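A.B. asks: Mind docking chains B and C on chain A? Use the hints.
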Amino acid sequence: MTRPETTIRPPPGEAPRTGVTRRGALAGLTALAGASGAAAQGATTLLNVSYDPTREFYREFNAAFAEHWRAQSGRAVRINTSHGGSGRQARAVIDGLEADVVSLALAYDIDSIADRGLIAADWQSRLPQQSAPCTSTIVFLVRKGNPKSIRDWGDLAKPGISVITPNPKTSGGARWNYLAAWAWAQRQPGGKPEEYIARLYRNVPVLDTGARGSTTTFAQRGLGDVLLAWENEAHLALKEIGEGQFEIVTPSLSILAEPPVAVVDRIVDRRGTRAVAEAYLRHLYDPEGQRLAVKHFYRPRDAAVAEANAARFPRLDLVTIADLGGWREVQRRHFAEGASFDRLYRPGR
Amino acid sequence: MTAVPRPAAEDAAWARLAAIGAAILVFGLLFLLPLLAVFVEALRRGLDPALAAIADPDSLAAIRLTLLVAAISVPVNMLGGVAAAWCIAKFDFPGKRLLTTLIELPFAVSPVISGLVWVLLFGAQGWFGPWLQEHGLRIVFALPGMVLATVFVTFPYVARTLIPLMQDQGREEEEAAATLGASGFQTFRRVTLPNIRWALLSGVLLCNARAMGEFGAVSVVSGHVRGQTNTMPLHIEILYNEYQFVGAFAVAALLALLALLTLGAKLLLERLTGRRAAVHA
Amino acid sequence: MTAARRRWRRSALPGFGLSLGVTLSWLSAIVLIPLAALALRPWELGPAGLWASIADPRVLAALRLSFGAALAAAAINLPLGLLLAWVLVRYDFPGRRLADAMVDLPFALPTAVAGVALTALYAPNGWLGAPLAEAFGWRIAFTPVGILIALVFIGLPFVVRTVEPVLRDLPSEAEEAAATLGATRLQTLRRVVLPALAPALLTGFGLAFGRAVGEYGSVIFIAGNLPMRTEIAPLLIVVRLEEFDYAGAAAVGLAMLVLAFAILLLVNLLQRLLRPWAARA
Numbered sequence: 001m002t003r004p005e006t007t008i009r010p011p012p013g014e015a016p017r018t019g020v021t022r023r024g025a026l027a028g029l030t031a032l033a034g035a036s037g038a039a040a041q042g043a044t045t046l047l048n049v050s051y052d053p054t055r056e057f058y059r060e061f062n063a064a065f066a067e068h069w070r071a072q073s074g075r076a077v078r079i080n081t082s083h084g085g086s087g088r089q090a091r092a093v094i095d096g097l098e099a100d101v102v103s104l105a106l107a108y109d110i111d112s113i114a115d116r117g118l119i120a121a122d123w124q125s126r127l128p129q130q131s132a133p134c135t136s137t138i139v140f141l142v143r144k145g146n147p148k149s150i151r152d153w154g155d156l157a158k159p160g161i162s163v164i165t166p167n168p169k170t171s172g173g174a175r176w177n178y179l180a181a182w183a184w185a186q187r188q189p190g191g192k193p194e195e196y197i198a199r200l201y202r203n204v205p206v207l208d209t210g211a212r213g214s215t216t217t218f219a220q221r222g223l224g225d226v227l228l229a230w231e232n233e234a235h236l237a238l239k240e241i242g243e244g245q246f247e248i249v250t251p252s253l254s255i256l257a258e259p260p261v262a263v264v265d266r267i268v269d270r271r272g273t274r275a276v277a278e279a280y281l282r283h284l285y286d287p288e289g290q291r292l293a294v295k296h297f298y299r300p301r302d303a304a305v306a307e308a309n310a311a312r313f314p315r316l317d318l319v320t321i322a323d324l325g326g327w328r329e330v331q332r333r334h335f336a337e338g339a340s341f342d343r344l345y346r347p348g349r
Numbered sequence: 001m002t003a004v005p006r007p008a009a010e011d012a013a014w015a016r017l018a019a020i021g022a023a024i025l026v027f028g029l030l031f032l033l034p035l036l037a038v039f040v041e042a043l044r045r046g047l048d049p050a051l052a053a054i055a056d057p058d059s060l061a062a063i064r065l066t067l068l069v070a071a072i073s074v075p076v077n078m079l080g081g082v083a084a085a086w087c088i089a090k091f092d093f094p095g096k097r098l099l100t101t102l103i104e105l106p107f108a109v110s111p112v113i114s115g116l117v118w119v120l121l122f123g124a125q126g127w128f129g130p131w132l133q134e135h136g137l138r139i140v141f142a143l144p145g146m147v148l149a150t151v152f153v154t155f156p157y158v159a160r161t162l163i164p165l166m167q168d169q170g171r172e173e174e175e176a177a178a179t180l181g182a183s184g185f186q187t188f189r190r191v192t193l194p195n196i197r198w199a200l201l202s203g204v205l206l207c208n209a210r211a212m213g214e215f216g217a218v219s220v221v222s223g224h225v226r227g228q229t230n231t232m233p234l235h236i237e238i239l240y241n242e243y244q245f246v247g248a249f250a251v252a253a254l255l256a257l258l259a260l261l262t263l264g265a266k267l268l269l270e271r272l273t274g275r276r277a278a279v280h281a
Numbered sequence: 001m002t003a004a005r006r007r008w009r010r011s012a013l014p015g016f017g018l019s020l021g022v023t024l025s026w027l028s029a030i031v032l033i034p035l036a037a038l039a040l041r042p043w044e045l046g047p048a049g050l051w052a053s054i055a056d057p058r059v060l061a062a063l064r065l066s067f068g069a070a071l072a073a074a075a076i077n078l079p080l081g082l083l084l085a086w087v088l089v090r091y092d093f094p095g096r097r098l099a100d101a102m103v104d105l106p107f108a109l110p111t112a113v114a115g116v117a118l119t120a121l122y123a124p125n126g127w128l129g130a131p132l133a134e135a136f137g138w139r140i141a142f143t144p145v146g147i148l149i150a151l152v153f154i155g156l157p158f159v160v161r162t163v164e165p166v167l168r169d170l171p172s173e174a175e176e177a178a179a180t181l182g183a184t185r186l187q188t189l190r191r192v193v194l195p196a197l198a199p200a201l202l203t204g205f206g207l208a209f210g211r212a213v214g215e216y217g218s219v220i221f222i223a224g225n226l227p228m229r230t231e232i233a234p235l236l237i238v239v240r241l242e243e244f245d246y247a248g249a250a251a252v253g254l255a256m257l258v259l260a261f262a263i264l265l266l267v268n269l270l271q272r273l274l275r276p277w278a279a280r281a
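Order-wise, the sequence lines are chains A, B and C. Here full-length UniProt numbering is used: the first residue of the first sequence is 1, the next is one more, and so on. Here full-length UniProt numbering is used: the first residue of the second sequence is 1, the next is one more, and so on. Here full-length UniProt numbering is used: the first residue of the third sequence is 1, the next is one more, and so on.
Quick caveat, the hints were computed from the structure, so don't treat them as lab data. For clarity, every value in this text was computed on a predicted model and none was experimentally measured. Take these hints with a grain of salt, some might be off.
[What the hints assert, rightly or not] Heads up, simulated DMTMM-like pairs for lysine to aspartate or glutamate below, C-alpha to C-alpha not over 25 Å straight-line: (1) LYS144/A <-> GLU240/A; (2) LYS148/A <-> GLU195/A; (3) LYS148/A <-> GLU134/C; (4) LYS295/A <-> GLU242/B; (5) LYS239/A <-> GLU242/B; (6) LYS144/A <-> GLU134/C; (7) LYS239/A <-> ASP48/B; (8) LYS295/A <-> GLU240/A.
Looking at chain A on its own, in the form it has when it is part of the complex (with noise of 0.2 Å):
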């Protein structure tokens, strides 16, 4: 509230103080809300709106951005970041939350705001790799020593073991964790995934709103014997949180998780920024964007990055979302109101 905010315009020819006497309440509070920014003065600003397990990550890619910006253009430009879950973000952006770009958990939640005309139609195929610059994957996390011997998928649907994941209703990465379970129940001989889950799912004591929270029931509260979690998350839970008291369990097949990002059309257009916010995603890709999201256990796309940090990550047999029919299909029949998570999810006695 003492800095004054360049990015956000001020009622045209007026001060954002004479604006509460001039034009009324209304305008009041948005000039004020103008000048309760804290962007940096005369330095360009972003807003990337992204999920939750990217925070880490973005604080470091942001600073390098904005050395690699300052030495390319010779212009200051300060990133601000939200965080949440993915659908929530995602509708933020369509309520209005000026985002000059999203890096969202799916790429269902970047089309709903397509949908919405804020972002060009085509927008997967403006970056490589379908607008994914780096990849994750779904883990198992469990207490030290595995002591109920969980080695795969099989193990989570058996009586007595009990599984904290996210409500594939809320969370992006939830949706991923259930994806990931359905397609290995597919693949088994007589792969019945229906009943597969309906039995993974009674083993769910909470299902918390985030991946996040998630972390911390397992975590801190000390509930269930096993996590499903992004592959980055499960590092981090591991070096924040209690590095000696878990362990990862890489199971035998899992799902490429491929979270996307994209300018938002609408709103760089207007403020300005699309240089800098094209130039911001397409600095993901270089190598050092790519070094520091296999710092933060990301998977890399660059093949010599790649190749550097073979030993970081496991291998394993990986399905696609475009194995699964892409994600409106993958919505409608799986997440959608009454699709298969409804039914399925009959909670245990």
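C.D. replies: Then chains B and C, alone, in the frame of chain A:
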């Protein structure tokens, strides 16, 4: 302070002790323990990390924003609350009961809804969204939306503390003043205000405490942009989600401290004035 | 006061128009127009669609849980609140004033902080959760009991604060008379004190219920959020929003609002029926 001893209506000593004991138990389990938990978690690694977490620029921005939101919302509700109490307590008109109920309505509305309504009105998909966008005005995901959500949630506090008191006090004093030729504003300032000031202050303090602590409603209309649209409760959630438990509880402890300060101010007010005498005269 | 004067504004006091005007604009801008937006939105689904989105088993289960837990919590708060109010008004003990001020803590403590603190306490490895689980095999956090505890916490001050002033102003003569006439203490309490407190207790019940039914911030951490079992209605609103289903979200919100309003009206009605009883006592 407590009533004069009244032997005939006195409780037996054992009953008195049992009641006090039970009350202390309820108190300890429900109120003190959660509060204690917050402070213990905040100071788990000593004072310095807790202070460092509070001194972080994003935390400071959240503190500033919280105070700003409260500083705008509380006066709005104070003005509205006094006006409502004045017309409800001092006048009779049809629909008075309905008006009283409507003023209490926000108590019964889920905080999630209190945020949602503003998105339905001013969000890009809402009634006034397109018009606002054309004119470059932002309400949701900016300060105005957070203020509106907070005003909604804290709406009834001042009115609710004032109405019963002003009804009790009746109208005779004001009517006398008016008969003697005082203007409406003079009557209010010289006669009514001295009678209600302590109740008004305590209503304002509660309103303020709730304004600073609101989570659900503000969460819906804040864009959760670090350092820009995060209030303290939202910042706590963010820190908690970043596994910075000490930081989260440190900011929580600060917020709890602000709440305690509010309650302390209320206590002081009562002690200074012997509130019971002033309020229930 | 004549009947004519009671009907309409014929008071000697000025300021009716101004205060009513301010009140109505404040009320409309902050409460009525936004709630109208909420009430109108679900009708885009058509009456059948609206009904379908409310009659969904999961929605019904969530509404049942939210309203059941809120009613239960408000009912638990009645004796607890009465106890606290009684002890605070009638007895003197060290720390009484401090305790009195602390009653407002749940008003002031941010709900998210309360939620995190309560979860930390009652989780299977928490200060209270661990011994309870060990001794009795009870699970509290992530079950409906956890929800109940959070709701009792946030609702308790409402009962204490509505009962306290009435208890304080209760004329001691009635109690003394009863005692002199040979009534036992218990009889005096039941026949004299309780009826006099009944309207205030009901008001407190209504307020505690209203606050509890929509509570989000503190419950979400401790609830477990399992559909059909521990998923509260406000969470379902959030879930609908995540599905970009604004009309569905507003439908659940509208159902909650109507139900809550109906229950509050019922409480008001009950209170009016009780008033003669209280006056007689």
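A.B. asks: Look at each hint and say if it fits the structure.
C.D. replies: We went through each hint and held it up to the structure:
1. Proximity of LYS144/A to GLU240/A is assessed by CA-CA distance (about 16 Å); at most 25 Å being required, the pair is judged to hold.
2. Pair hint LYS148/A plus GLU195/A holds up; C-alpha atoms about 22 Å apart against a cutoff of 25 Å.
3. For the hint pairing LYS148/A with GLU134/C, the CA-to-CA distance comes to about 21 Å; that is within 25 Å, so the pair holds.
4. Under the criterion of a C-alpha separation no larger than 25 Å, the hint pairing LYS295/A with GLU242/B is consistent with the structure, at around 17 Å.
5. Restraint check for LYS239/A and GLU242/B: satisfied, since their Cα atoms lie roughly 12 Å apart, inside the 25 Å limit.
6. Between LYS144/A and GLU134/C, the direct Cα distance comes to roughly 22 Å. Compliance with the 25 Å bound is thereby established for this hinted pair.
7. Between LYS239/A and ASP48/B the CA atoms are separated by roughly 22 Å; this keeps the pair inside 25 Å, and the hint holds.
8. A C-alpha spacing of about 14 Å is found between LYS295/A and GLU240/A, which places the hinted pair at or below 25 Å, so the restraint holds.
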